[in-house]
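Visitor: So the chains spell out like this:
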Amino acid sequence: MQTAGSDNKTTSKPHWVNAEITYQCPLHCVFCYNPVDYAKYGPELTTDEWLRVFREARELGAVQLGLSGGEPLQRKDVEVLVAETTKMGYYVNLITSGIGLTEKRIAAFKEGGLGQIQLSFQDSTREMNDFLSSTRTFDLKSKVAKLIKQYEYPMVLNVVLHRLNIDHIGQILEMAEAMGAEHVELANTQFYAWAFENRKHLMPSREQLERAERITNEFRDRVGNKMKVYFVVPDYYADRPKACMNGWGAVFLNVTADGMALPCHEARMLPLEFPNVRDHDVRWIWEESPGFNAYRGDDWMQEPCRTCPEKTKDFGGCRCQAFMLTGDATNADPVCDKAPAHHLITEQVALAQKPQPPASEVKQVILFRDDKNSRKLATRDSTTPIS
Amino acid sequence: MSESVGDAIAEEAVIELHKQFRLQWEQAQDCFVLLYPEGMIKLPGSSGEIMKRIDGKSRVSEIIADLEATFPGADLRQDVIDFLEAAHANGWIRQQDH
Ligand code: SF4
Ligand code: SF4
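Protein sequence lines, in the order shown, are assigned to chains Z and X.
Our numbering numbers the first residue of the first sequence as -16 and each following residue consecutively.
Our numbering numbers the first residue of the second sequence as 752 and each following residue consecutively.
Honestly, the hints are just simulated from the structure, not real lab data.
Please note that the accuracy of each hint is not assured.
Beyond 12 Å from chain Z on every Cβ pair, some chain X residues (computed) [to be verified]: (1) 777; (2) 779; (3) 789; (4) 795; (5) 804; (6) 823.
Below 25 Å or equal to it, Euclidean Cα-Cα: the simulated DSS-like pairs (lysine-lysine) are [to be verified]: (7) 70/Z - 803/X; (8) 93/Z - 126/Z; (9) 793/X - 70/Z; (10) 770/X - 126/Z; (11) 793/X - 346/Z; (12) 808/X - 126/Z; (13) 129/Z - 808/X; (14) 87/Z - 770/X.
Backbone N, C-alpha and C define an ideal beta-carbon position, used for all residues, glycine too.
Please model the complete structure; the sequences and the hints are all you need to start from.
Guide: What follows is the structure in structure tokens.
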């Protein structure tokens, strides 16, 4: 850790601010990226508190703002937040499941200057969609997609893929085309939070992935330029670790519903003290707080990262993944084949090649994201790494 | 995107920003920037001067004339056209329908 006043003081800026304005959500996605113990965290920031945080981050040079959650539309003040932050000079992105997006609200967002809406979609077939989000939402999302077009927003669809839905990729792409989607991100689940708990049910096999990529490529060839399709493999299958968030505390500032400031979505799980925006201003948080300085630069690295030529490219991978899998966040990300703990990844990948029970059976045992499960997980002893 | 990218820009064309893009002066960068979903393009110097004149009403020829009036003595025509063609190929701007 750097001492205050060291000459390593950051020159980076929080270019992108993501505000998880609420942990409330009517859906129960089995891959949800919110902390598994979200139910135990204190009251949400008020409208005024959010606006102060956004103003302070803007003064540091932040330009992109994500409003996410939970489901951000659970809050009544999204209209105010959109209009005020647009006036501050932000480009505002709303990341929503679409639940609660009425015509009245979208008209107000447009009026307030909202830049774009990203709509998440769990799957294309109604049954699967209802299972994966555990409520009846498919019809509603189709309606929301129409509203988004009607208000002249580009149709940006995010679909989370995993073992239980990846074989529907063809239908998913057809649905996206029918809705007039312009950007489609097919992102395989990354294994954090709820997805980590459900890992053995959600990890696709290599064969599934290869088939999905092949179908995606055929689809790209057919539709050409009118639709941009991104396919993100689970990093357990990637050959190199990802340069997470462009480096720790380099461009990204995440603020949770209850005001905790984090360098990434998942960092709350780490055994570090992170500051709360209720107690500190954003400048101190970004420049001075021990949490944001913990893994800046490379002083904190151990071997093999310390002497590795790739460290300037990938910064040793993801700190949260290193912590989740090895119990020490300063280890190399086990995704890296030079990491001593790499076998923890290859073992999981090997397991995923074996036959697994069908979706109907998985449904009985898989962990849905809801308050009851969250309270249960919150009481678990967090000092032992989960395996 | 309905039109094909990389077309030549005609001097009589009226151009505008693509609807997902927003141009603003950014103090922290000390230059104009173009904002779009999840991204930002810095437009230092002349690129900012050109982009800020794109208002959905002016013709390319008028933009060139205005720049030449602001920076007298320079023959900017080809530089401006080259920049606009690159901007068009990048999808930042579009030619208006008549
Ligand atoms: S991933 Fe699903 S459950 Fe989690 S916040 Fe998003 S919509 Fe809600
Ligand atoms: S050893 Fe560390 S720095 Fe080198 S490639 Fe692996 S994770 Fe990256």
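Visitor: Give a verdict on every hint.
Guide: Now the hints, each set against the structure:
Taking the minimum C-beta to C-beta distance to chain Z, about 7 Å, the non-interface status of residue 777/X is violated against the 12 Å cut. The beta carbon of residue 779/X sits about 3 Å from the closest Cβ of chain Z, which is not more than 12 Å, so the claim that it is off the interface is violated. Not every CB of chain Z is more than 12 Å from the CB of residue 789/X (nearest about 6 Å), against its label as outside the interface. For residue 795/X, the non-interface assignment is confirmed: its Cβ lies about 16 Å from the closest Cβ of chain Z, beyond the 12 Å cut-off.
Its beta-carbon lying about 20 Å from the closest one in chain Z, residue 804/X satisfies the requirement of being farther than 12 Å from that chain. No Cβ of chain Z comes within 12 Å of the Cβ of residue 823/X; the nearest lies about 32 Å off, and the non-interface call holds. For the suggested pair residue 70/Z and residue 803/X, the alpha carbons sit about 19 Å apart, so the restraint of at most 25 Å is met. Straight-line distance between C-alpha atoms of residue 93/Z and residue 126/Z comes to about 17 Å, which keeps the hinted pair within the 25 Å bound.
Distance check on the hinted pair: residue 793/X and residue 70/Z sit about 20 Å apart at the alpha-carbon level, within 25 Å; holds. Straight-line distance between C-alpha atoms of residue 770/X and residue 126/Z comes to about 23 Å, which keeps the hinted pair within the 25 Å bound. In summary, the hint linking residue 793/X to residue 346/Z is not supported, as the alpha carbons are separated by about 49 Å, beyond the 25 Å threshold. Distance restraint check for residue 808/X and residue 126/Z: the Cα-Cα separation of roughly 35 Å exceeds the 25 Å cut-off, and the hinted pair is therefore not satisfied.
Between the alpha carbons of residue 129/Z and residue 808/X the distance comes to roughly 30 Å, so the proposed pair goes past 25 Å and is violated. With a CA separation close to 22 Å, the supplied pair residue 87/Z and residue 770/X stays within the 25 Å bound.
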